[in-house]
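Visitor: Chains A and B supply the protein sequences, listed in that same order. Using the working numbering, read the first sequence as starting at 1 and increasing by one per residue. Using the working numbering, read the second sequence as starting at 1 and increasing by one per residue.
Heads up, a few of these hints could be off.
What the hints assert, rightly or not - Pair by pair, the computed Cβ-Cβ distance ranges are:
hint, chain 1, residue 1, chain 2, residue 2, range
1, A, Ala41, B, Leu440, 26 to 34 Å
2, B, Arg661, A, Ala41, 50 to 58 Å
3, B, Trp243, A, Tyr35, 34 to 42 Å
4, A, Gly20, B, Ser93, 30 to 38 Å
5, B, Leu228, A, Val21, 44 to 52 Å
Worth flagging that the hints you see were computed from the coordinates, not collected in a lab. Beta carbons are placed, not taken as given, at the ideal position from N, Cα and C, and that holds for glycine.
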Amino acid sequence: MYVMFVLIGFSLLVALIFLGVFIWAVRSGQYEDQYTPSVRALFDDEKRVHDTSDTSSKHDTQEHRSTD
Amino acid sequence: MSGEQQHIAATDTHPACYHCGDACDDRDIAIGDKYFCCNGCKTVYELLAEKDLCDYYVLDDARRGKTPLDSGFSHRYDYLDDPTVIAQLLDFSDGDRRMATFRIPSMHCSSCIWLIERLGALNAGVIAARVNFPRKEAAITWNATQVSLREIVILLASIGYEPYISLQDVAEKRTLASNRSLYYRIGVAGFAFGNIMLLSFPEYLAHEGTMDPVFVTVFRTLNVLLSLPVFFYSASQFYASAWAGIRQKYLNIDVPISLGILALFGRSMYEILSGTGAGYLDSFTGLIFFMLIGRIFQKKSYDALSFDRDFRSYFPLSVALRDNDGEHNVPLTRLSVGDRIVIRNQELVPADAVLLRGEANIDYSFVTGEADLIPKKSGDRIHAGGRQVGQAIELEVIKEIEQSYLTRLWNNDVFTKESHGRLHTMVDRISRHFTAVVLLIAFGAAAYWAFADPSLTYTVFTAVLIVACPCALALSSPFALGSAQRIFGNNDFYTKNTDTVETLARIDTIVFDKTGTLTRTRGGNVQWHGAPLDETQRSWLKSLLRQSTHTLSRQVFAALAGEITHAVEDYREVPGRGIEGRIDGRTITIGSAAWTRRTEAPALEDGRSAVYVAIDGAPIGHFSVPNLYRDGLEELARSLRSTYDIMILSGDSDREADRLRTVFGDDVPMHFNQSPEDKLDFIQRLRDEGRQVLMVGDGLNDAGALKAATVGISVSEDINTFSPACDGILAADRFAVFPRLLAFSKRSVSIVKASFVISFAYNIIGLSFAVAGLLSPLVSAILMPVSSVSVVAFTTVTTRLMARRWGLR
Chain A
1 MYVMFVLIGF SLLVALIFLG VFIWAVRSGQ YEDQYTPSVR ALFDDEKRVH DTSDTSSKHD
61 TQEHRSTD
Chain B
1 MSGEQQHIAA TDTHPACYHC GDACDDRDIA IGDKYFCCNG CKTVYELLAE KDLCDYYVLD
61 DARRGKTPLD SGFSHRYDYL DDPTVIAQLL DFSDGDRRMA TFRIPSMHCS SCIWLIERLG
121 ALNAGVIAAR VNFPRKEAAI TWNATQVSLR EIVILLASIG YEPYISLQDV AEKRTLASNR
181 SLYYRIGVAG FAFGNIMLLS FPEYLAHEGT MDPVFVTVFR TLNVLLSLPV FFYSASQFYA
241 SAWAGIRQKY LNIDVPISLG ILALFGRSMY EILSGTGAGY LDSFTGLIFF MLIGRIFQKK
301 SYDALSFDRD FRSYFPLSVA LRDNDGEHNV PLTRLSVGDR IVIRNQELVP ADAVLLRGEA
361 NIDYSFVTGE ADLIPKKSGD RIHAGGRQVG QAIELEVIKE IEQSYLTRLW NNDVFTKESH
421 GRLHTMVDRI SRHFTAVVLL IAFGAAAYWA FADPSLTYTV FTAVLIVACP CALALSSPFA
481 LGSAQRIFGN NDFYTKNTDT VETLARIDTI VFDKTGTLTR TRGGNVQWHG APLDETQRSW
541 LKSLLRQSTH TLSRQVFAAL AGEITHAVED YREVPGRGIE GRIDGRTITI GSAAWTRRTE
601 APALEDGRSA VYVAIDGAPI GHFSVPNLYR DGLEELARSL RSTYDIMILS GDSDREADRL
661 RTVFGDDVPM HFNQSPEDKL DFIQRLRDEG RQVLMVGDGL NDAGALKAAT VGISVSEDIN
721 TFSPACDGIL AADRFAVFPR LLAFSKRSVS IVKASFVISF AYNIIGLSFA VAGLLSPLVS
781 AILMPVSSVS VVAFTTVTTR LMARRWGLR
């Protein structure tokens with residue numbers, strides 16, 4: 001039955017990972033603007049490729065997909 | 001900027017501007033088949049076309065671009081090269097990298113976000129631009145060796161997104177209330193709550209003594225470890241708030257909550273460490289988790305709006321100073337008595353000053369609400385807050401900005417004193433008695449058990465404190481009032497916080513400002529329908545209209561170009577019908593259709609009145625005049641009159657008194673020619689009489705009254721422009737709905753009261769267990785979440801149902 005401890009350890013670990021992801025999400029400002037990213041996501045589907053330059057995506061995690 | 005104010009429908013002869021969508025006057029300005037209303041719009045198009053950014057026009061064609069401001073940028077922003085100003089505006093600077101956040105009120109659609117974020121394509125010096133649309137802000141990072149702050153601002157302005165930089169923003173960097181720490185606390189509490197509940201289950205389900213003691217020890221130890229961050233971190237603000245309350249000798253709701261938390265945690269620790277029980281750690285963490293969620297629900301804020309603006313938001317950041325070296329822009333903060341300043345067309349006079357040179361026509365609508373231009377001549381004194389209309393004028397400053405006529409208002413006690421006479425919230429008032437009663441029961445029960453069975457004394461005492469913890473009580477008001485606040489928001493009435501909703505329900509007196517509040521500040525022009533008037537006819541009409549003080553006469557008079565050259569004989573005015581007089585031997589009649597003997601009345605657009613004109617009995621046409629008063633004013637007056645005492649306070653003259661009496665009734669007190677300070681004093685007197693006053697105003701001249709009132713609401717035709725400090729902002733086109741919103745606030749408070757009854761019922765059930773010494777961890781683990789969840793569900797659902805029944809969105 002003491003194998004339970006391994007399971008409990010895993011479940012706590014998974015919960016801790018989720019807590020960590022949540023804290024990262026808050027820290028990266030995702031809870032501060034819940035509207036603009038939803039609009040920004042639609043811009044990626046344009047036909048023409050725009051020169052947003054690498055520097056901006058380094059600065060912001062949301063726009064990784066926008067340059068190709 | 002004109003795109004925002006008057007959106008004229010495009011027709012065949014007036015094609016829609018390709019950039020801003022306004023109707024073009026002609027087809028002169030064009031590129032291929034694309035027409036533009038002005039050269040500014042064409043320039044923006046060319047700029048975007050050159051950089052291959054024309055997707056801007058495809059993304060969202062609802063409103064399209066903004067008309068950029070015409071020339072004169074370069075001079076206007078000179079002060080942005082001043083190192084102290086730059087230092088105040090920057091968020092950070094690192095080597096050559098600079099970052100600043102700009103407020104851009106003109107952004108309004110997804111195209112705006114798209115274009116602003118591609119600012120780098122227009123100027124290579126811009127490293128990154130990132131928009132926060134709800135706040136209408138753009139954070140821009142640039143390379144200081146390639147471009148300056150001033151050039152960035154000019155670039156933004158040249159494509160129609162002029163950043164708003166105000167003295168207030170520079171003086172006190174806007175610290176946005178960040179909810180981040182609250183989110184962290186919720187995250188930690190939720191994490192602990194979930195895991196502790198899981199680890200507590202085995203003990204609840206297993207029969208006593210049948211569980212492996214190793215499991216028991218491990219589970220309990222893990223529970224203790226998980227609950228520590230909740231006790232010390234997540235819940236810490238409850239202790240802080242309770243302690244602050246006690247120090248002010250006031251038992252707020254956080255006092256019984258903190259007592260409950262301490263009893264819950266202390267007893268759990270004792271039980272687990274002494275090996276006598278499992279403790280109540282799942283109830284404890286769940287309680288903190290739910291209450292923190294209540295806090296975040298209550299904290300709903302409207303990011304793009306600001307409820308604490310003062311005069312500095314309206315004033316420019318810099319002013320053109322003239323000295324021996326010529327003219328240059330200086331920050332307003334450095335302006336001192338004796339300085340000579342130059343004020344151009346449409347600019348505000350920042351401090352009381354004397355006119356030295358030029359022809360001044362001052363619009364004091366900011367200060368007094370009176371919209372007429374006041375001409376001034378050399379040597380006259382001009383008050384701060386006046387707006388020059390016409391040519392540039394030169395002034396000498398005679399008072400400090402803070403000591404000027406209008407701005408002195410902000411030195412009044414109501415602005416300096418914190419929370420001026422605000423009422424305590426309902427929850428606070430209840431919790432005062434609540435705490436006393438709980439302590440009484442706890443000590444009473446403990447005293448009884450001390451005789452009956454001393455071993456249970458301590459158990460019962462802590463159980464009472466635990467179960468009486470008013471978590472349901474603390475949750476009911478945030479959720480009910482928070483829902484009400486969101487419903488208000490759906491109806492374009494934005495309140496500063498949930499307390500405002502509650503205070504609105506207690507209002508007994510409503511004071512309206514007139515100009516800009518009951519009347520509209522814009523809404524179309526006076527139009528003439530009929531054969532074009534020649535110069536003589538215009539001057540006849542103008543001479544006759546001058547005799548009348550009727551609103552419509554004054555509106556037509558103001559709109560009509562022409563000289564007053566003729567004497568009027570046999571003038572007569574019949575109220576409700578019109579005016580008549582003889583000029584140059586002709587009888588001129590102006591007024592209603594019947595008065596001018598018209599039989600067929602042409603169809604009018606909504607919200608307009610017709611003023612008919614006849615010369616010698618022959619109709620020659622009519623003026624179509626926009627209604628001065630807001631739509632739905634009669635309805636508003638009718639529904640408010642029965643419930644509230646209504647008063648009217650105006651900085652304007654009493655020429656509208658008769659009209660207002662017909663709307664509001666004869667017994668409504670009206671005060672005219674009130675200065676901003678008179679208004680403040682008037683409201684303060686009403687408050688001293690014990691009235692709960694709602695002030696409804698609009699401009700800076702109402703700022704003192706709005707602040708002094710129990711609740712101050714500012715009416716705004718464009719909610720994204722600034723309103724003076726207030727508790728709520730109401731969109732002007734929702735004016736007619738306002739009585740229903742007021743009534744709804746009363747309903748919401750009733751819902752809160754009903755939910756109090758429910759949570760008391762739970763408390764009584766819990767207390768009966770506790771007093772009898774029967775409160776097991778399982779009972780507590782069920783009772784607490786059930787009471788919280790049912791109260792939250794009851795309040796949110798009933799508030800929404802109520803809103804639907806009242807026809808609110």
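Visitor: Looking back at the hints listed earlier, which ones does the structure fail to meet?
Guide: Hints 1 and 5 not satisfied by this model.
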